[in-house]
Structures are given as structure tokens and as C-alpha cells.
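Undergrad: What follows is each chain in one-letter form.
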Amino acid sequence: MTFLNVALLGGMAAVAIPVIIHLFHRSKFRIVQWGAMHLLESVLRKNTRRLKLEQLILLLVRCSIPVALALLMARPVITGLEPLLGSRKMSTIVLLDNSYSMEAGGASRSGFLQAKEAVRQILESQVQGSDVAVVRMAGGVSVLLDEPTQDLERLKAEVGRTGAGFGSAAVPDALDLARVLQAKLQNPDREIVVLSDFQKVSWSEAEEPARQAMADQLRRGRIEPRLTLFKVGQETTDNVSVDAPLDLSPLILGVGQRVRVHATVRNHGDAAYPNLRVVFRVDGKDRSVTETALLPRSTSQVLFTHAFDTSGSHVVEVYADADPLQADNGAMASVPVWDRLPVLLVSGDPNPEFLMGETDFAEVALRPYGNAKAELADLISTRTIEARDLDAKALAEPRVALLANVSQLTDVQLKALEAYVREGGGLLVFPGSKINGPWYNSTFHGGGKGLLPLPLASLAGSMNVAGTHASIVAQHFEHPALEMFNDPRNGNLSDAQVRLWYRLRDETAPGKGEERLVTVLARLDTGDAFLVEKKVGEGRVIQACIPCDAEWSNLPVRPFYLPLMQQMTTYLASKVYPPRNVEVGRPLLASCPSPTRASAR
Amino acid sequence: MAQLAEFLTPGDLRKITSLQVLARTVVEGFCTGLHRSPHKGFSVEFKQHRPYVHGDEIRRLDWRVFGKTDRFYIREYEEETNLRATLLLDASGSMGYGGPDHSKLQYATRLAACLSYLMLQQQDSVGLVTFDTKVRSYIPPRAQTRHLHALVNELEGVKTGGETEIGKVFHDLVPRLYRRGLLVVLSDCFGDVQNLLAALAHLRHARHEIVIFQIWDRDELDFPFRSWTRFDCLEMGDKRHLVDPNHLRESYLANLEIFRADLKQGCHRNRIDLVPMVTDQPYAEALAHYLTLRMRRP
Chain A
2 MTFLNVALLG GMAAVAIPVI IHLFHRSKFR IVQWGAMHLL ESVLRKNTRR
52 LKLEQLILLL VRCSIPVALA LLMARPVITG LEPLLGSRKM STIVLLDNSY
102 SMEAGGASRS GFLQAKEAVR QILESQVQGS DVAVVRMAGG VSVLLDEPTQ
152 DLERLKAEVG RTGAGFGSAA VPDALDLARV LQAKLQNPDR EIVVLSDFQK
202 VSWSEAEEPA RQAMADQLRR GRIEPRLTLF KVGQETTDNV SVDAPLDLSP
252 LILGVGQRVR VHATVRNHGD AAYPNLRVVF RVDGKDRSVT ETALLPRSTS
302 QVLFTHAFDT SGSHVVEVYA DADPLQADNG AMASVPVWDR LPVLLVSGDP
352 NPEFLMGETD FAEVALRPYG NAKAELADLI STRTIEARDL DAKALAEPRV
402 ALLANVSQLT DVQLKALEAY VREGGGLLVF PGSKINGPWY NSTFHGGGKG
452 LLPLPLASLA GSMNVAGTHA SIVAQHFEHP ALEMFNDPRN GNLSDAQVRL
502 WYRLRDETAP GKGEERLVTV LARLDTGDAF LVEKKVGEGR VIQACIPCDA
552 EWSNLPVRPF YLPLMQQMTT YLASKVYPPR NVEVGRPLLA SCPSPTRASA
602 R
Chain B
21 MAQLAEFLTP GDLRKITSLQ VLARTVVEGF CTGLHRSPHK GFSVEFKQHR
71 PYVHGDEIRR LDWRVFGKTD RFYIREYEEE TNLRATLLLD ASGSMGYGGP
121 DHSKLQYATR LAACLSYLML QQQDSVGLVT FDTKVRSYIP PRAQTRHLHA
171 LVNELEGVKT GGETEIGKVF HDLVPRLYRR GLLVVLSDCF GDVQNLLAAL
221 AHLRHARHEI VIFQIWDRDE LDFPFRSWTR FDCLEMGDKR HLVDPNHLRE
271 SYLANLEIFR ADLKQGCHRN RIDLVPMVTD QPYAEALAHY LTLRMRRP
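Going line by line, the protein sequences match chains A and B. Per my numbering, residue 2 is the first one in the first sequence, and the count goes up by one each step. Per my numbering, residue 21 is the first one in the second sequence, and the count goes up by one each step.
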């Protein structure tokens, strides 16, 4: 026997009340000087024992009232009597395996159809008042209709709409959810039914301890549910899958640029595929086919390259033409393709002479082909303006803005820039000799509330004195913008010599419970931050400690300058928000641009 | 016609502290309304003749004088008593029930005073015995009016004493009451009924006529206690019982009924008048009963 509401058992303490009342009355007696004692005494002699017995019974009855009340309010549940009681109200949790493998056996007689039929039968066999929860085990464990329901007809319809083909079943997670759902069930008679094909993928031996732990937890609950395992379909030994998500490169794609699609083909079964055809499809059309050899229980990598000829959103798919279990034979991804990537360069020190202007090196780095008058396409298009021309209109089109040695901005400009970043724009900030340091620190950084990731502390190094120069620490970069420099063939960041730089006041130590907003991407060998990044709204700001021209360092004349600038720009622009390729079970977000921004566009 | 004294309850008379005044108030108030004056008496000595007037009873005509004189004369008698009444007043502990002002003993003493006064008014002789475990005092019967002082003085000094042993006391009394007469017992008669009846039978055997005014308090008859109560014995201080009276009432009342029935039956068998008196009843009722009894006598 168990109690659904154990806390109320505390009410049994009320058993003391009749006893206290009895003692209270006893202690509050009156005294009578009595004459007719011979009449009373014979009564007492005769009745004492009977009275004591009566009083004892009365006390027991009175005491049992609060006890019985407390017991009843604690909702006692007697389990184990179900066979004697016949059909009665039950609470059932159905764990429905909707993984890929459940679709094996063809659309008409797949394991999942059998499972759905079984669920339908379970639902139909419930008596009025029973509640049922159906948990999907694959593709992110979730409950149909969000919680257990007594509306079995609605649940039946919902089950009918449910499809299979969502990766592999997360058995421990499903059991854990069942444990959580138990608390919401209404009836004491509980059953958990697992409908699955018990594929090795989902019910692997590695997960055995986790499953055991969850089962133990279920068993330790206040009411131990009965567990029924119901095998549907046949275990398919023959299965090939393509892993999702697809590995796409690079960060951002322009029209005509080649995308490389890496896909991992996995053989779960025991059959060998010496010549497995793997098809690459773009927007549903076969583009290329490759053959790969796939041994039993092994994986193989395939690589496809493709150049899109139109901009916009494209769907790429890698499909392995293998077993009848179609659901996991392919993996798809959405790829946004840009026709061009507009970048706004804001120069604080313009100079008509070539390479003497503040943004000239950056422009060359961002548009190498355009500057060389070559035939090749530049994805990035640049537009250079002076600081005073910066306004909301100028910011309407570009996806990345670059501030180079801009002395300071007016309040209107700053406001426009802030709105631009918050709505998903990227911003690169380079200091220089012309900047107004106090404005940068007080307004642009604004004590951490502004756009600038870190405030400027002081100038370090010197232009002429040797030995005071610094270089960038070549380390293993985690950041996607710098990742490519982990490969020495793409250039070595430590080659560059930095003569003069702004020391950034690194105040990034977060308080307790605060999210670290500012990330240091790279450092100088003096320990000072070289590149820092801050997330502002939906956009990002990257701040450097040196200018983007060759005034303070020889960075712009190093080979890695071009890829560095391109990487940073594409990184800032590649923020596709909300993400297009989401995993199963993750929410899919869509954002509506605010009316002002929409009209500005 | 209603009698004035019937409306005088002990509560009304409580303020009269002098027993003598009380007795006179009660008795004269009582006698005022009687149809037949008790002053005429029943066992009387011839006093004088007087001419018959209209309304006199014919049976009281002296026919011998009529034979001699051919006139109607009525024989008048001087009152004279041959009644020797002894009041036996129980002063045991149990008579103390009801508190100092309302106790059964107080009621009994006042009733005794009233009876004494009434009896002395009728030229009967009255004696008084007070007792508890044994005889406390004994005033032999006298018929003089001033004897009332002695009786009243004694009554005023009565205090409750120890345990009732009424049977033993009555046995002891038999030799002292050597002349037969009327014994008026004022007691609650608590104790063993058989013992009491045996003693009464002994007294009856000595050819005493006995009337018992059994004094009750209303509480003893109704047992009105509700909450937890400790009953402390009035006669033996160490006897105490802490009980919930609600559970006992029924049994107590049944027991009381048996006790009263036993006593009544026993008294009836011995031709003893048993008159239960409750302390809130007017004294006059006792007096009326006495007079009824007195009229029965030759």
C-alpha cells in the first residue's frame, strides 16, 4: 500500500486531540461534598469496569476519526489487487518507438503501423476515466498532447497522425519522461507499455546501465508501475544510413562558389555493400553519383562539391540507395546562397592616394578580384564612406559594417548602428590614431551596455624601439572565424609584427550567474587581447586592438591578412538567424523584422 | 382554602434566624387556615358547658343535661395531651450536604423547631434527641411552653458530626425511651436499610409510633452533575471519587429508586410513616402530615 499524498499523513497527529480533550476535562473537575456516598459507591463498584471499557472504546473511536481522515486524505492506494477487481480505471504510459527502423517492412505493413494499431487497441480497451500518455521515443522525446489525458478519442486521432522515421529511440530519456509523467497520472493502477522493435541501435548494450538506472527509479516511485514490453515489426539486420546533419563548408556561399558537402554513410547491418551508390541531389534533382564500398558495421565518408548558379535558399541531399528502410537513407540540409555580400567600410581617415586611406587595405583584402580587375567573382562587395555619412540609410543594405579609425559618432549615428547590430548585422571595429578614446570608453562601450566589447586602456609598444614589438600568439583556435589558421598552410598569424596597439581593459570576468558576453578570439604574446567578440542582440561585434591599415603593424602586408579579413567578414555575415538546419526536437524559430527595419529596406 | 404557610418556602424563611420566631411564623401561619382549630384538641378533659348556638355539632350536645334541663348545652373540654413526642434529629455528616446555609441539617433543625412549637401549642410534650454515630444529647419530653426554649437552644447548637449509624443509635435509644409515645425521626436514613429497619422494628416493638421525615436534597434525587466531578465523602474525608457523572446518572438513579423502595416497603411493613421531604419543600407540608397523623390517634 502506498500514499499519493504522503504529507497529509501528518494529520494523524490529530489523534492527540481527543486525548487532550479528555485530559483537559479530567483536570477541570469540580468538587462536591457528597452525602449519599453509599448510593454512589455501589454504583461505582458495579459500573467501574464497564465504564472504563466503554470510555476506552469511545476514546478509540474518537481517536480513530482523525486517523481515518488523515489516511483517506493521504489517498492510500492498494496495489496488487487488480486481478481480483477485474476491469477498472488505469493510468497507462505508452512509449512508442518512432525511430527510423520502425518503418522497416514497407509502408503497408511496417512495424510502426503495427505499433499504432497496438496503441489504438490499448486506448480502446481502457474504461471510462482511464488516462493515457503516449510518449514518442525518437526525434526528441516528447508527449502527445503534452500531458496524460482522459480524452482518449483525441489521443487516438493524434496517434493516427504521428509518423515514424526520427533517428533512433532515446530509451533512457523516454523512461525518464515516463517517470516524470507518473506524477501527473490520476489512477493508482499503472502500466507502462513499451512498443518497439528493440533494434540494437536504440537498445544498445552501452546504454544498459542508463536504462537500468531509469527502471530502478521508476520502480522506486510511490506506485510501482507494471512494465510491458511489446515487440512490433522485425528487427532489420540490413540498414544503411546517412548521418545528419551534413557537414557543409564554407561559412557563406556566393553564386558560383563551390560548396563541399561531407557526408558519413553508416552501415548498421551485417550485409556488405561493395558498390554502394550515393546520390547527391540539389533541390530534388540528382547532380552527381558516387560509389563507395561499405563493409558490415562500418562507416564511409563521401564528398561532393557543387557550385550554385542561383542565389537563394537551396536544399542539398545526400542519399544512399541501399536498403528498403528509406527513412534514414538520406540526409538533407538547407543552404542559403548569396549573390553578393555587401560590406560598408567607414573610414575615419580617408585618403585619395592608393593604400594611404584607412580602409584601403581592408577593401583590397575583401575584394581581391575586383581590385585586380580579374574575371573571378567577388562575393563581397564593398562601399567606402566617410564617418560623417554614416546613417540608417547607409546601413540598410550591408550585412557587415567596418569602422576604421573613426574618431567618434554622433548620437543618431550610434543609435542607428546599435539598431543595425541588434537586428543581426555584423560590426568590425578597428582603432587608430584619430579615435576619441574617452568617447569610445564612455559612450561606445558604455560600461558594458554599448556596442564596443572592451574599453581601451592605453597605448602599448612603440613605433621605433625594437624589442617592444608584439606578435599574435599562434594557438589552436576554436572560433569559426579563425579556425582555418589551425592549418599552417593558410598562413601563420604569428608572422606579423605589431608595433603599437591599444591595450584593452579585459573586464570579462563574469559575475556569478552572468553569461560571459565578451569572448577573446586571439591574444598578443604580451597577453593583451588582440581580437575580442561580443554578441549584441542578434548581431555580433568584433573589436581589434590595432588599425586595419599598415600604420601600426605589418599585418596588412602579411599573406594571412586577406583570409583573416574575409573570414571575419563572412563569419559576421554568416549568422543565419534563426538557424535553417535544426535537429529533430529543437524548436524552429522564425523572426519577423520590425516594421521600421522592414520599411528601411 | 389555601394555607398561607404552604406558600412559605424554606427559601423565604431563610432570613429568619431565630428558630422560635420561625417556628411561630410557620405554625401560626399554618394553623390560621385550618377548618378545625387544633386548639380544641382531641383527647381532652371536660372544662365547662355552654349553651348551644346554631352551627354547633349535634354530636357534641350533652344529652344528659338536655334530659335534666330540657335545654341544649354543649360540652367543652380542656385540652390535654397524653402524647409524648420525641424528635430524633440526625446530625451525621451526610446531613451537611447543600452547604452551610442550605444544608439538610439546617432544614431538619428548622422543621424540628416548627414541630416542637406546634406540639407544644397543642399541649403535647416534646423531647429531643440529636445523634450521629451515637446519641449527642437527650432532652426528655415536657409539655410546658417554656420547654420550647430548651429545645430551640439545643437545636441552634447542632453541628454535623461523623458517620450515620442510625440502627445502632436506635437500638441504644430503646431503653431510654421507656414510655411509649410518638417518635419523629428527622434524618436522611442513609446507611444500610436492613439495619435501619431492624432498629425501627425494635422501636416499634417497644410500641412507639414512628414517623420518619426523610430529608433529601434535590441534587440527591436528580443527580444534576454534568462535568467531571470529584465526590468527597462528607462522613469520611478520605473517600474521594473522581468520575464523569454523565455515565453514572442512570445507574445512580436506579440505585436510588431501589433504596427508596426498600425503605418504603420496610416502613410500610412496620407501619411506620415515611415522609420524604426535599429541602425546598415548605415546612408546612411536614406539619400537615404530622397533624393528619395526630388526628388518627385516639
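Please note: incorrect hints may appear among the correct ones.
Which stretches of chain A does chain B cover? Using the computed rule of at least three CB atoms under 8 Å from a CB of chain B, they are [as the list claims (entries may be wrong)]:
#1 23-37
#2 44-50
Far from chain B, by Cβ distances over 10 Å, these chain A residues were calculated [said to hold, decoys possible]:
#3 G12
#4 Q127
#5 D190
#6 P297
#7 R490
#8 V521
If you're looking for bench data, these hints aren't it; they were derived computationally from the structure. Every residue gets a Cβ at the ideal spot worked out from N, C-alpha and C, and that includes glycine.
Undergrad: Hint by hint, note whether the structure agrees.
TA: Structure-based check of each hint:
1. With 11 residues having a beta carbon nearer than 8 Å to a beta carbon of chain B, the segment 23-37 of chain A meets the requirement of three or more and the stated coverage holds.
2. For the segment 44-50 of chain A, the stated coverage by chain B is satisfied: 4 residues place a CB nearer than 8 Å to a CB of that chain, which reaches the threshold of 3.
3. With 10 Å as the threshold on Cβ separation, the claim that A/G12 sits away from chain B holds: the shortest Cβ distance comes to roughly 28 Å.
4. A/Q127, annotated as away from the interface, keeps every beta carbon of chain B farther than 10 Å; the closest lies near 56 Å.
5. The beta carbon of A/D190 sits about 48 Å from the closest Cβ of chain B, which is more than 10 Å, so the claim that it is off the interface holds.
6. Distance check for A/P297 against chain B: the nearest CB is about 90 Å away, which clears 10 Å, and the non-interface claim stands.
7. Against chain B, the non-interface label of A/R490 holds: every CB pair exceeds 10 Å, the least being about 103 Å.
8. The non-interface label for A/V521 is consistent with chain B: the shortest C-beta to C-beta separation is roughly 84 Å, beyond 10 Å.
Hint compliance for this structure: no hint is broken.
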